[in-house]
Amino acid sequence: MCSLDGAAEVECVLPVSYSGLSGGSHVFVVRAVDAAGNRDESGASFAFEIRLPVETTLISAHPTEELTRDTSAAFTFAADQSTASFECSLDGASFSACSSGISYAGLADGIHTFRVRAVDPWGEPDASPASHSWTVDTTPPEVQNFSISATTNSITVSWVTNEPATTHLLFGVGSLLNQQVPETATYQTTHTLKLVGLTSNTTYSVLAQGHDRAGNPYTFVVRTIRTGR
Numbered sequence: 001m002c003s004l005d006g007a008a009e010v011e012c013v014l015p016v017s018y019s020g021l022s023g024g025s026h027v028f029v030v031r032a033v034d035a036a037g038n039r040d041e042s043g044a045s046f047a048f049e050i051r052l053p054v055e056t057t058l059i060s061a062h063p064t065e066e067l068t069r070d071t072s073a074a075f076t077f078a079a080d081q082s083t084a085s086f087e088c089s090l091d092g093a094s095f096s097a098c099s100s101g102i103s104y105a106g107l108a109d110g111i112h113t114f115r116v117r118a119v120d121p122w123g124e125p126d127a128s129p130a131s132h133s134w135t136v137d138t139t140p141p142e143v144q145n146f147s148i149s150a151t152t153n154s155i156t157v158s159w160v161t162n163e164p165a166t167t168h169l170l171f172g173v174g175s176l177l178n179q180q181v182p183e184t185a186t187y188q189t190t191h192t193l194k195l196v197g198l199t200s201n202t203t204y205s206v207l208a209q210g211h212d213r214a215g216n217p218y219t220f221v222v223r224t225i226r227t228g229r
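Sequential numbering of the sequence shown, starting at 1, is according to my numbering.
The hints are all genuine.
If you anchor each label on the Cβ, the simulated ranges turn out as follows:
hint	residue 1	residue 2	range
1	Ser147	Thr57	49 to 59 angstroms
2	Glu55	Val27	19 to 29 angstroms
3	Gly101	Glu55	13 to 23 angstroms
4	Ala108	Ala47	44 to 54 angstroms
5	Val10	Gly101	42 to 52 angstroms
6	Pro15	Thr135	52 to 62 angstroms
If you are wondering where the hints come from, they were derived from the structure by calculation, not from laboratory data.
Model, not experiment: these values are computed from the prediction.
C-beta: ideal position from N, C-alpha, C; glycine also.
Kindly generate the complete structure, drawing on both the sequences and the hints.
Take a look at the structure:
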């Protein structure tokens, strides 16, 4: 009669094999029974351990965007073995003990890579750590080559940014900036807008602004111009 891990005994013929066993400790017990039904009550037992490779899963990563102006980051993760511990690494640093929910602050501009690996109770780490890479960008676009010109009833404004950015223009009569050209949803380095239907011989103020792909806003100085007579 055979039993594995305390299960009910069943008739068996040696050798006995088992498959699909979980990782951890197991105990196999075998008892002899003679033709008259007499059992060997002491039986024989064999204890053994199965060490399965531990696997790491990255559950969540903040920020989720590949490009962000957020200088902080946080991660949650898990392993397929409840007794596993974890080691983390940021930007190629040596792995060190960590726990799910680890966070970082004050990250510099540039590319960052977070890696985490589970470690089984015997000290064997996951050979394929989970990872997440992203880029921090806290620098706003620079406005260059700004120009403005006017006709009798129109104003043309153009400028260049040193990186792809959205286009948004505020304008108004005199010093007011109470009207706008809605911000674009596209990112480009060359920006040109033409305001039409304006009043002749009138001073207008304009303000160019927008943001880059990381969300960094830019705003140029207010410029004024007078339409023709």
